[in-house]
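Chains as they are written, first to last, in this note's numbering: chain A, 1 to 513; chain W, 514 to 613.
Simulated from the structure, these hints should not be mistaken for laboratory data.
Honestly, I wouldn't trust all of these hints.
To be verified - The calculated lysine to aspartate or glutamate pairs, modelled on EDC-like cross-linking and capped at a C-alpha distance of 16 Å, are: (1) Lys176/A - Asp606/W; (2) Lys385/A - Asp607/W; (3) Lys308/A - Asp373/A; (4) Lys564/W - Glu518/W; (5) Lys176/A - Glu518/W.
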Amino acid sequence: MIEKNTLLQTRLAEILPSATFYLHAFPILIFLIAAMSALLLGVFRSDPDKPSFTAYGLSVAACLGGVVSIAINHVAPVAYLGSGFLSDALTQFGMLAVILGTLATLSLASCTNVGRNLLRAELVALLLTASAGLMILLSAGEFLTFFVGLELTSIPLYILVGFQRQSERGLEAAIKYFLLGAVAAAFILLGMAFIYLNTGSLQWSDLSRLNLDRNHPFAIAGALLFASGIAFKLALAPFHMWAPDVYQGANSVLTGYMAGMVKLGVVFALIRILSAGLRDSNGYLMWIFGIIAALSIIVGSLFGLVQKSVRRLLAYSSVANAGFFALAFAVLAYNPGSEISRQALIAYTFIYAILTLGSFGVLAWLEEGVEEDLDRKSLDGLGKKNPFAAFAFTIFLIGLAGIPPVAGFFGKLLILNSAVSGGLIGLAIILAMFSTISLYYYLSLITAMWFHAPSSHTAEGHLDVTVNRRMHWTIGMLAAASLVIGIVGPRWAIKLDQRTARQIAPTAQIGVP
Amino acid sequence: MSLPELGLLFSVLLFLIGLFAVMFRSNILFQMMGIELLLNAANLAFVSASKMVGNLDGQVVVFFVMTIAACEAAVGLALVVALYRERSTTETDDLTLLRG
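Chain W extracted, bound-state conformation (with noise of 0.2 Å):
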């Protein structure tokens, strides 16, 4: 198996773990942890897609989501911040208030 079908294989697993940690872990911050994991992984598929096809495309769209990615942290972390003010909390199992 060549490196970048390696890459692939190994994005598809990284996706997963992302996606179990933000199913399965409770913690607002544990799930961010898996939100990173989750574009991380995005990003490597892209950059071996890159490699497989043969042009660059690929690699400039990982610069854009680098970008993106950090936003969505900063928006996310100041959002828990804002939460943990209010309800001295960051567990998702917490958030009970808005039901039908």
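Extracted from the complex, chain A is given alone in its bound form (with noise of 0.2 Å):
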């Protein structure tokens, strides 16, 4: 009976987190309380219709909050709830990326009059909510945490697409976003199912057991099915047909927290997956993603060409960029040790994440007081009625291209770099040359601006005198932050990077407290 009792407790000691898992996912519950506190404001309302800004400052506080215990946590690696729950530097980091990110978003919504009335305690409840999947997608070390942590980030966004009820393109953007992520999860679900009967446990760290050879057609099935579903979340081709309508329909802001930092949670669970030694001696996981990323960046640059919506030409923009993803996957799946790459991603993907805020908070901006979304016309002499506008924008552009002073370069530097010495040079050839292609579009926009004449078409953006400024403040931090990064940056970010690519400890090696 005694003993019995005795591996009673033990075993509970095992599943119940010690109190300083508390610490560790601070940020997490902070969001998840948050969210809870700004539903129950809303439902005390008495006009629930109209924008809660005491739930806007309960999101605030709970970002700083969360950014305080970031800084104060001591980093080691450790694993708790049964290594559900990582902590480590690339959850501190990936943490921090997604606060940033939260506070970035709701900082915009509250700039413009749209986002404004669109900031009713619900909204706020579901971007927190979102954020806090996001972190415990990131924070994963096994597949069923994973998938919830994927899926509490999808549900809120399929509502927020939709959040502007009386917008048919918003409803029409969130029934497609809805059908397709659904799909990707089953997809996604199956595979885990096929993986966890090869390796027989959930445990990322057992995936060094996964056999992907012949002999066994349900791995590789499952490896396939997972890697599809990834690539559906990530707006990969052959996968990417619904980001461009839902990126079209959906309100700008919330467009970039969608097409940033959920990009951001799905790349850095990945890193974990696939450094968690994968033996993938047929290459068969290399040759799925390799593909993947050829097909991204050719149907990004090439169909990009021809868009006239500006918010599309981004979505194909987002398509080619991602291709920078995959390819970077597909290093990491042939060498699961690579460092360099992990540590590309992780810089690439960050810098990614504020391009993409930054450059939908533009649209956001100019699309005030405009009904359709913009199309490449109306750009044209923005440099002359609202050149801070154009100048931002000009800055995300160019780092979404990739060019040298702007930190894009800087990311797709390091991608390409470890594609090259990861051997994978054909694929890192077709990347470099086809984002080459696709610089045709930036440009373009960016002649438009600056060369063209202003005409009754050109959007101004104009706003309250007393959001002006505010606007200015965030767009300004963003486009200060891309600029850093591409010029200073390089030498304490690869630094940062490298601390945090090596602290990415394989699941195996993290110990229990």
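Using the supplied hints, reconstruct the complex from the two chains, each of which is provided in its own coordinate frame.
Structure representation (structure tokens):
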């Protein structure tokens, strides 16, 4: 009897988190608590359709609390909940990025009139829940938590895309996003089931037992299903069809969040999966990701050339940029120990999130008072009408294109470098070539802004004086961040990434407290 | 063929049926039924795999997935209602506002 009790106690001690768990998972917990409180606030309001600035303040406070807790936490690779929650440098960095991204999204939403009307308690609650889901996603160490985190992010986003109930475009985008997102989730789930069938465990540290060879068709099918589900979520070709429609239909600020932050979460989780010591001796995974990478950059740069709507153009640009993620995945699948490609992925996703948030933020600004979404003509002569917005947009576009002074170049360089040193030279050449082609559409937007004469079409982005300054600040901060990382950044950014990349403990090596 | 293997095979079949429903039906409600089939197929695969592997991890997943599927259905139906109020349609063929 006594023996049984001690056994139970040791089992419980294994399962129940210790006190430090609550410290390490504080950002997630505080985001969820703030989301619930915001929902409650919404219930007690007399007019629920009015924007709630209490909820807004609450969310900002949650973000600040999260940042503080990350700053004071000691980083040591630890696994909690049976590796359901890993706390290491990657978790810390990712959480910080997610919190800052949420803060930027909230701030951008509060700047435009459209966004302010949307800023009801429910929107705040959904945004915070999605962010909490992202943080769960990037700290997961096994498939179940990963899936729960992924869905905790996706489901609020389906609602957020259709949050403007009067907007037919928004609803259409939400339905499309929902249907394809749900199918993608099912793909990921079946892939997980097949991988589980092969390894007998949901832990990523046991992924090294996965037999990816011809005698185990279910394992290969599982990897394929899992990879295609991930490709759906990252908007990689040939699973990118939803992206242009959804980006065009949703509110710009939320699109920026959806495009930038979700990718960050998924990519960070994939870094963990791929560096868990998968044995891909036949190169199946490498081929899957390699083909996806090549297709994405080709589709993204060629289809982007013919788009009229600026948002659709940015959607194809995001497909092209996601091709670089896939390239780094291929390198990592081929050589799980490749620290250089982990580093490149961490740097590039972070930079990409800044650039995406910034460029969609500028679009939200310019769309103020415009019914339809902007086409290329509406950028004509923007440099004369609203030089600040034009300048910031130029920086973000240059970054997305990957031209030197801005951080985007540095991210792409790191990824291509890791591909070349990883032996995937052909793929690296394809990606470099097609990103030169995609330069055309970025540059055509920039020339339209600075060298065309303004016309009656030109969007001005006229804001009230009070919010105008905050908009300048938010956009300015994002632009400055991408410039600073691009110019002075490489050295310390590489150092930071190196530290983070080295400390991503493959889950097997993480000690249990 | 043992029972779990049969279950695995059946789950693949179920998944294909669900996929066909999502791809070839144009009514959103039928597509949502297809999505439920997809998720339940994955559940069945997890349960069968759990029996074949010999631990209970896979069976635990099923409970989580059932909850998530319920959330997804709730959100999906809410979107369909909102769409029907605005556009009086539940056919995906009528969703043609967003085009390049």
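Straight-line alpha-carbon gap lysine 385/A to aspartate 607/W, limit 16 Å = Given that 16 Å is the threshold and the Cα spacing comes to 39 Å, the pair is violated.
Distance restraint between lysine 564/W and glutamate 518/W, which requires alpha-carbon spacing of 16 Å or less = Within the cut-off at roughly 9 Å; holds.
Agreement of lysine 308/A and aspartate 373/A with the hint, judged by alpha carbon distance not exceeding 16 Å = Satisfied, since the Cα-Cα distance of roughly 10 Å is no more than 16 Å.
Within a Cα-Cα threshold of 16 Å, do lysine 176/A and aspartate 606/W meet the stated pairing?
-> holds (11 Å)
Compare the distance between the alpha carbons of lysine 176/A and glutamate 518/W with 16 Å, and conclude whether the hinted pair is satisfied.
-> Distance ~35 Å between lysine 176/A and glutamate 518/W Cα, so the pair is violated.
Of the hints listed earlier, those the structure fails to meet are numbers 2 and 5, in rising order.
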